[in-house]
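Residues in the sequence shown are numbered consecutively from 1, following full-length UniProt numbering.
Hints may be right or wrong, so weigh each one.
Unchecked claim - Across the chosen pairs, the derived CB separations fall in these ranges:
{"no.": "1", "residue 1": "Glu146", "residue 2": "Met43", "range": "22 to 28 angstroms"}
{"no.": "2", "residue 1": "Met43", "residue 2": "Leu192", "range": "34 to 40 angstroms"}
{"no.": "3", "residue 1": "Arg23", "residue 2": "Met43", "range": "28 to 34 angstroms"}
{"no.": "4", "residue 1": "Lys84", "residue 2": "Lys33", "range": "19 to 25 angstroms"}
{"no.": "5", "residue 1": "Met67", "residue 2": "Val194", "range": "23 to 29 angstroms"}
What the hints assert, rightly or not - Subject to a maximum C-alpha distance of 30 angstroms in a straight line, what follows is the list of computed DSS-like cross-link-like pairs (lysine-lysine):
{"no.": "6", "residue 1": "Lys131", "residue 2": "Lys18"}
{"no.": "7", "residue 1": "Lys73", "residue 2": "Lys131"}
{"no.": "8", "residue 1": "Lys120", "residue 2": "Lys131"}
{"no.": "9", "residue 1": "Lys26", "residue 2": "Lys73"}
Hints are computed from structural coordinates only; laboratory data are not their basis.
C-beta atoms are modelled at their ideal positions from N, C-alpha and C, and glycine is treated no differently.
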Amino acid sequence: MEAEVAKERRLYAMDYAKESMKRLVKAYFNEAKWSQESYVPVMEEYMQVALISCAYPMLITNSFVGMGEDATKEVFDWISNNPKMLKASTIICRLTDDIVSHEFEQTRDHVASSVECYMKQYGASKEETVKLFQEEVANAWRDINEGFMKPAVVPMPILTRILNLARMIDFIYERGDGYSNSHIIKATIELLLVDPVIL
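Construct the complete structure from the given sequences, taking the supplied hints into account.
Listed below in structure tokens is the structure:
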């Protein structure tokens, strides 16, 4: 990969990719420490780490590496500053995952999810917490739509990449935890890729 971007004179892209991976590893380390200590952070502390540990910022940053001319140094600077559209997409990823998978994750040695953190901090019920998080996810989708109505200084293919990854997250968790239980989404993927409708 590095040789490819070097040919394009875009070696800076690899620096951003490596930096995003370092942030992800630090977030994983924080979560591992919390898990070892059975620590349940307050929501602000949790989200500060969890919005990185969901790997979304790393995935989107690394996906730009192969985008050629559209992914300029300015684009990488923009994404590194956690713009509103990236933050919204990351919230969709984190909260949707936590809503769907938090009960299963608590059956094994795992860090508390946003659901547990919120319930403990505010004394809320699971139902109240899930409803609030679903509203936050809906607001995040509004922020993404706004990002397309008032485009940033980055090319449309960059914004579309962010949107499509958020759509993928929505698809994976639509009928349950399709990430941990791939059989949930297997049939749909087969219909799309293996047995598509020929027009």
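Hints violated by the structure (numbers, ascending): 3, 4, 6 and 7
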